[in-house]
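As a plain string of letters, each chain reads:
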Amino acid sequence: MRAWVGGTAAAVLVLLSVAAPPAARAQVEPVSMMLAGAPTSATDSTPVQLDADVYIPEVTPAPAVLLAHGFGGSKEGVAEEAQLLADAGFVVLAYTARGFGESTGLISMNAPDYEVADASALIDYLASLASVSMEAPGDPVVGVGGGSYGGALALLLAGYDDRIDAVAADITWNDLETSLFAQSAVDGVQPGVLKSLWTSLFFSSGLGLEPGQPVTECGRFTPDWCAAYVEAVTQGVVSPEASALMAQSSPRSIADRITAPVLLGAGQADSLFPLTQANANAEQIVNAPVKVVWHAGGHDGGIAETDRLRALTQAWFDQHLRGGPVVSDDFEVSLVEASALSDRDPGTVEVLSATDYPGIFGDGTTEMTVAAPPQQVLAPAGGAPAAITSLPGAGGLASLAGDLLAVPLPGQTAGFFTESLPTSMRIVGATRARITVSSDRPVDQAVLFASLRIVSANGRQALPQGLVAPIRIADLGPDPVTVDVVLPGVVTEAAAGDRLALVIATTDQGYRMPPGPAVYTVAAEGPLLLPTLQGTTASVGVPPWVWPVGAIVLTALIWIVVALLRPRDRAGEARPELAAVPLATRDLAKEFKGGLKAVDGVTFEVPPGVVLGLLGPNGAGKTTTMRMAMGLIRPTGGDTWIFGQHVRPGAPVLSRVGSFIEGPGFLPHLTGRQNLDLFWRASGRENGDPHLDEVLEIAGLGSAIDRKVRTYSQGMRQRLGIAQAMLGLPDLLVLDEPTNGLDPPQIREMRQVMHDYAASGKTVIVSSHLLSEVEQTCSTVVVMNHGHLIYSGTVEDLLAGRSGLRLEDVFLELVGEGHRVDQ
Amino acid sequence: MTSEAVSTSVETPYVARDTLTVRVELVRQLRRRRTLVAFGLAIALPLIVVAAVKLGPQSRGFGDGDLDLVGLATAGPWNFTLTMLLFASGFLLTIIAAMFLGDTVASEASWSTMRYLLAAPVPRRRFLRAKMIVGLLLTAITLLILIAVSFLIALVVFGSAPLTSPLGGAFDVTTSWQRLAIVTAYIGIQLLIPAGIAFLMSVLTDVPLGAVGAAVVIVIVLNIIDAIDALGDLRRFLPTDYGGSWADALGQQIAWDDMAIGASYALVTFAVLAAIAVLRFDRKDILS
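For the protein sequence lines, the chains are A and B, in the order given. When we follow the working numbering, the leftmost residue of the first sequence carries the number 148, and every step to the right adds one. When we follow the working numbering, the leftmost residue of the second sequence carries the number 3, and every step to the right adds one.
Calculated from the structure, these hints are not laboratory results. Where a beta carbon is used, it is the ideal one built from N, C-alpha and C, also for glycine. One or more hints might be untrue.
Unchecked claim - Distance condition first, Cα-Cα at most 20 angstroms in a straight line; then the derived EDC-like pairs of lysine to aspartate or glutamate:
(1) A:K740 / B:D208
(2) A:K740 / B:D287
(3) A:K744 / A:D734
(4) A:K740 / B:D284
Stated by the list, open to error - Take a look, some chain A residues computed to stay more than 12 angstroms from chain B by CB distance:
(5) G335
(6) C365
(7) A389
(8) D403
(9) P520
(10) F564
(11) D587
(12) E720
(13) H935
(14) S939
(15) G951
Just chain B, same shape as in the assembly:
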């Protein structure tokens, strides 16, 4: 409250591109309970599965799944990690992606922090950019935690045998890493679909749980439609139809076609949904 503040403040030190940097947004989000719960789940899932295999009444693995990948889960760390990805990709990772992207804008609205950030002023597109990048980053970190924990626990418990393909044949260590990387990348890209839906919902509503719930419900409905055989080839147009195509990376030769379509579809779906979110947010009256 001294008068010298007046003279310095005419030249404001404001720089728009310094507002709400990814680093600051990451700090804002990291300590949240939901972030820690998501990370915790990614750590707990492989540990629970290993404990079940080791301590359960049948110590001979999992019985038959619809994918024989599951039957090979205990073959080694790569197999176990892929099995964990199979388990998690169906629902857990979808919910986590929907949570990180769906809660991100809506929760700021519900805390009333959004109006202060936008008046600071954080340019609106910059605000969304930070929200989107950090949401995707946290989703990716959860995915990587799941993989790292799965791999390490399996390395300790099941030994270090390289990847055995459910389609026959084993791979060397380099190829095992390569296939795991491809599957991880594909599952990550597929998560853009729930992420995109949730992000749009987050901009449209001020209720965080509503945004996450709506995104999860939409993904579930898409999956139900996808399971209706009577729809036949129409289902090929559902973005979620390609969720399991990463299994094509487990053959001796990688069958790229479905994965290429699935990844492209997810990418474009995300781009469209995020674009709608941005255009909507540009013109939104902030009443929260």
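Only chain A is shown next, with the shape it has when bound in the complex:
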């Protein structure tokens, strides 16, 4: 039986693994090959060809893992997980089941003779590899894993092939018939209510209908399965043959034979294989340890805990295939804290765990009585309109939609409510209820959908995970029938103040419903039995407080770095011998980006108690020099001292300087007075005397000082700007073109102001292009041209020996020389 081994494939594999340089194999590369499976059919003994990827890790021999994919998928669907396991050191064989993808053969829904035998053949192949650890000849150390269709294969294989050493099966069935034909009435008639939407989706994904392919009725299904499907969907019946087919493809048939430890996952968001199916598997696997995990995902979407489940699967194989750290067999339930927004990061779901698996009915029961006046509900003709509780196949959309669409249809829904809950309550598992039902007319079959809903104080109903429990009652008439109902297994929390409701509806679009109309009378009998669970919770992932703590630490680090990067004073030494000199520069230079040398090697000293004129044509570098003197522009060379203190941006000595540079600057939305007041208060000299009255007198704005600056003329702003520079009567006043925009009387006044200011022993530096004005005001001048200093000294000296010449003539002469010097 187990001799079909892809010999040549193995040889290729060995060659490849030898040929590949070890350094290049940081990630294990899979090798694709076709491997032989079990015979194609009862009449055709050729083995099917299975499309497989084999991953051989760096260190061998290593235990092996066989990975099976979900329905409608292929080996690509498990490639990511295979890669992770291979990188963790397992030999991994991921393959496409018969009837899917590139593999040959027909779909038999995990039949023992076909799909299960295929998997056994693959284990034979693994046994032939030198890179796989062996327990005995022909018996490799091997685990099997898969979800959904692959999960059922994993369980069935573990039941049929005793070489399996560990199993990881997720979101799969226990009994295919009760999964597809659901019956939630205890000891109710079989088959139950067909999940027509799910079944048709399931079936159509196996048809392999693709553009360019011939359209066939049965696609890649075996004729037996195809016939069973058509029969169920068209007539709503299950023949004994179909029932037998489903039974042999159900883990239920061999659960007690499984001896390998099983990691059994079930999705809380799963209307196809609900928690009750996993529960049945857990209860029937009596000869092996079982760890049950109710995670937040499932066929309906929910919240994918992919990373956590993969880590758990790997740890499970690690322990049971190569003696890795022990994984506790504790039952684990994911608690998803509800968010008003759907898009939640599953990184940190809370996990409730309990040492013993409590089963679907919890380890404790809370009874809650419901008000039970009988209510009438209509089963509409044709089963439409039907309630929409879940959207099979819609994935992540489905659980959200379940919440939004869970609006009961009027006339089709009976609700039995509890009192408001005194405290919040966590429900973990399936709630049990008892109802009585009668019909206004005899019907062959009555179909009802029972659900547990949480009704908040404002009347909004929530249907946990959009799950409903279908009930089929045969031969119902006017005599009431009592039915015990197992409501869907859910993990949810009801808040204090909420009420619980047992809701009985007559329609659900996901199911096959009887065509005839009927009016049922439904009453609740006895209390709801709500499952509870004692357990300990632990957060999975990073605890939330880590983030803000990390952020605060990081922020602190950033600010420490910023503090360390505070600009240093380049040549910070003070020159006490210049303490009386208002302004001195040495080799001052500024080269702007782009190479423009605005100021180049300027050295001069301003004597105290003078009005000094800074002269030069436009672009001579006057303003740049002034800005450097005020610490607004960083020189690219040289230094400036004010009263012997080295100037850098924000140097305290600048508080002894009043400045007016390139026009005034005020807050337009405030008055002149407010501007002066706020500037003074912002200047850090609040304890000093601003000499406001004197300054206002100089500004000469009169009552306009209390108008908003926005309303001022250019001249008014100019005067206010000069007034601002003079606030506090600083020792050095730097005025750049102060007379711009002033009329002749005002210019004359300004001249007097500067003269008086210098007469008081203070110093005024004034730049201007009006040479006659400078001549009348200044005793000393500094002349600049093209960034160079041309002359520095008294006007007297400048004019000495040039009798008859005015400053203007001398200036033009100097500038002319300057031009020549430059060239």
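On the provided structure of chain A, position chain B as indicated by the hints.
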């Protein structure tokens, strides 16, 4: 202009830490029209919404929003305030934060007031500090005005029922306040992202509207990228991805994880952007 001024001025009364105090900067900014407009919007929004609910053709609330919070807006003052926060947090508050932080330095440059302050001298880092604190303060005040007005108008119009969760269940008054405080704090912290972008822009440019506009555009682009499903989990790295995580505070149990990440992300983003702004401003030649 008397000679006694000379003798006193040798010992200058200048104290660097008294320059441009938060109080002075607040006075400088408070009377600005944009400040008053922002406050006005925060007052007007809840009043307009209440008027629409009360006077509109359908007096039964808002119809269905993507968050059922909106459907519960008229349940009581806490619900209404949270709904106003939902409405405002998407765009209005973002723009207001961008305006207060983006305009603050650039407008001083455009008024030419910056060079006088820096020559006064206000140390450069102290200048930015006052600008940043006051910008954040004004943003916070706008947020609080929105909340106070929403709460009071809803208290008058819709009664005093405590918070009803869109996820089911009602809270007592203490818990209602607690949840409102958490949501407010989270939205406030999230505003650090547009605030940080705008603040950096404000230092980089002398055009106030340019700084505000650039910040808003960047936030909008981030939100657009965040809406591209094809990017999948990559979007978790966008700082703006966590803007709506405050809804996690409305369940019976508060789900802290996303909020913790979102708040941390906003904090660090702001710290980085502000640090760049400071380092840039340290070395900037003031040419405005």
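Consistency of the hints with the structure:
1. Restraint check: the Cα-Cα separation between K740 of chain A and D208 of chain B comes to about 18 angstroms, which is no more than 20 angstroms; the hinted pair holds.
2. Only pairs whose Cα atoms come within 20 angstroms are accepted, and K740 of chain A paired with D287 of chain B is accepted, the gap being roughly 11 angstroms.
3. Taking the CA atoms of K744 of chain A and D734 of chain A, the gap is about 13 angstroms. The hint holds against a cut of 20 angstroms.
4. Distance check on the hinted pair: K740 of chain A and D284 of chain B sit about 17 angstroms apart at the alpha-carbon level, within 20 angstroms; holds.
5. In this structure G335 of chain A is separated from chain B by more than 12 angstroms, as the shortest Cβ-Cβ distance comes to about 31 angstroms.
6. A cut-off of 12 angstroms between C-beta atoms confirms that C365 of chain A is not in contact with chain B; the least separation is 36 angstroms.
7. A cut-off of 12 angstroms between C-beta atoms confirms that A389 of chain A is not in contact with chain B; the least separation is 41 angstroms.
8. For D403 of chain A, the shortest C-beta to C-beta distance to chain B comes to about 41 angstroms, beyond the 12 angstroms cut-off, and the non-interface label holds.
9. No beta-carbon of chain B comes within 12 angstroms of the beta-carbon of P520 of chain A; the shortest separation is about 25 angstroms.
10. Residue-level check passed: F564 of chain A sits 14 angstroms from the nearest beta carbon of chain B, beyond 12 angstroms.
11. Listed as a non-interface residue, D587 of chain A keeps its Cβ farther than 12 angstroms from every Cβ of chain B; the least gap is roughly 35 angstroms.
12. At roughly 19 angstroms, the least C-beta separation between E720 of chain A and chain B is larger than 12 angstroms, which holds for a residue marked as non-interface.
13. For H935 of chain A, the shortest C-beta to C-beta distance to chain B comes to about 21 angstroms, beyond the 12 angstroms cut-off, and the non-interface label holds.
14. Listed as outside the interface, S939 of chain A is consistent with that label: its C-beta sits roughly 23 angstroms from the nearest C-beta of chain B, beyond the 12 angstroms cut-off.
15. The claim that G951 of chain A lies off the interface holds: its Cβ sits roughly 36 angstroms from the closest Cβ of chain B, which is beyond the 12 angstroms cut-off.
The structure shown violates none of the earlier numbered hints.
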